[in-house]
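My request is simple: use the sequences and hints to build the entire structure.
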Amino acid sequence: MTENFPPVPIALTVNGRKQEARVEPRTLLVYFLRDELRLTGTHVGCDTTQCGACTILMNGRAVKSCTVLAAQANGAEVTTIEGLAHDGKLHPVQQGFYEKHGLQCGYCTPGMVMTAVHLLDTNPHPTEEEIRHALEGNLCRCTGYVNIIESIRWAAEKFGEKDVSR
Amino acid sequence: MFPASFGYFAPRSLDEALDLLVAHGENAKLLAGGHSLLPAMKLRLASPRYLIDIGQLPGLRGIKQDDATVVIGALTLHAEIAASPLVRRLLPGLAEAASVIGDLQVRNRGTIGGSVAHADPGADFPVILSALGASFVIQGRAGARIVGAGEFFVDFFTTALAHDEIVTEIRVPLPPTGSGTAYAKLPHPASGYVVVSAGALVVRESSGRCRSASVALGGIDNRPVRAEATETALAGVPLTAESIERAAASAAEGAHPMDDEYASAEYKRRVAVVYARRALEEAARRAAA
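The listed protein sequences correspond, in order, to chains D and H. Read in order, the letters of the first sequence are residues 1 to 166 in the working numbering. Read in order, the letters of the second sequence are residues 1 to 289 in the working numbering.
Honestly, the hints are just simulated from the structure, not real lab data. We put the beta carbon where it would ideally sit given N, CA and C, even for glycine. Fair warning: there could be bad hints in the mix.
Partial chain H-side listing against chain D, Cβ under 7 angstroms, derived [what the hints assert, rightly or not]:
#1 M1
#2 F2
#3 L104
#4 N108
#5 Y193
Here are the computed distance ranges between Cβ atoms for each label pair [claimed, not checked]:
#6 D:E77 x H:D67: 34 to 40 angstroms
#7 D:K18 x H:Q56: 16 to 22 angstroms
#8 D:P9 x H:R49: 19 to 25 angstroms
#9 D:P9 x H:S47: 20 to 26 angstroms
#10 H:F156 x D:A21: 36 to 42 angstroms
#11 D:N4 x H:Q56: 46 to 52 angstroms
#12 D:V146 x H:Y262: 26 to 32 angstroms
Okay, structure coming up:
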C-alpha cells in the first residue's frame, strides 16, 4: 500500500563533515544519523518527543532528532555526541559527567550532554533552577538527576564561558 | 515509528508555497517546525499525502516593533520569543508563555505560527495572544487579510484559516503606558500541556485604579475564552488583592470545561479562578512597577 514518492536530495554538515544523500521524505533525522551515517551515539528512547535521548545540535540549538525530518535538515549544521570531543580531549560537559558520575546506564547521557552544551552556550553560568528547567525535556530513569545537575555545574564552573562555547 | 509515506516539497517563496497549497488542496499540510504535526504523523493520527515545508522560507522569522505593534513572524521559534529583549520588556506575559511551552528542545523547533494554526486547546500561545488582543495576518493567493484572536480560534484544532492560506505574522498591540501582562499555567505534569492557564493584561491609571483588564483562559473550553465577567468587575475599581480576588472568582463563568482522565470539569473551573487571580496579580504588579 505504500506509495513511492520521489526521494529528497539533502546536503548538510554533520560534525564538521559535509554529507549528501537522497532520503525518503518520511526519514527521520535520527534514523538518518544512526542508520545512514552510522552515528549511533544518538539514541532513540521514547520516539515520541518526550525523553530527549535523541537530542542533537542543529544550527547550534538542541533539538529532538526523532521529531525532525532528515529533509528539514537540508543545509543545516548538525553536531552529535560524536562531534564533541576533539583530539581525544573530552568536551567540558562530557568531562563533567565523568567527574561527577552523571550517568548510570548511559542511555540518556548523549541527549543530556547535548542539551547541556546548548544550555551553557546560551547561559554560561546557570543557576540550579535554570539547569533543571533546561533538562525538562530529558528523562533519566537511573540517577534521580542530582549528579547530572552536578556534572553540568562542574562544567560551567570549571571551564567558564569561553571554553564551553563551541 | 515512522509517518505514513508522503510527498515532500520545499518551496522557496511564499507564492510558491501558496501555489502548492492550491494545487494539492486538502491533501497537503504545511510543515514549519513540525512539533505538532510530526508527532501526530508518527502516531498515524494524521497522514497527509503531501507536506509543504515552509520552515526555511525567507522573511517570516523575527520580531520587530512597528509603531504601537509588536510584529512576530510566523516562523519565529518559541525560544526566540522567550529570549527576545523586546518581548521581555514590552510583553513579559508573552515571553512567560513562550518559556513554558513543552521543553527546551521543543521551544528550539516549534514556531508561533505553527502553534496558533494548530490551535491545540492545551497550547499556551493562543491563550496569552487572546488576552493581548493579538491579530493574525493570513496570506492567500488573492491577498492578505487580518483576523483578530476572537475570530481566529474557532474550535478544537480549528481556526479561521482556509486550507489554502498561511499565517505569516502575529501582530500584538503594544499596551499603553502603565500596563502589565502576565501568564500563569498549571501544566500537566507529564505532557507539559495546559491543564488550565490564564493570560492577563491590566491597564492601570496613575491613581491605582484599573482602567481596563483583559483575561483569557485556556484548558477550560474548545478554544481560549475571555473571562468577561472578571474583566467587567475590574474596570474602574482600585487594583488591590481583594478587588482582584473578587473579580477572578467569576473567571470560569460561561466556560464549558470537560472531564478528562487527569482533571474533572469542576476541578478545572476552580483552578481557573486561582490562575486568573495569579495572572491578574502579577500583571497588576507589573503595571504599577
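- Which numbered hints are broken by the structure, listed smallest first? Hints 5, 11 not satisfied by this model.
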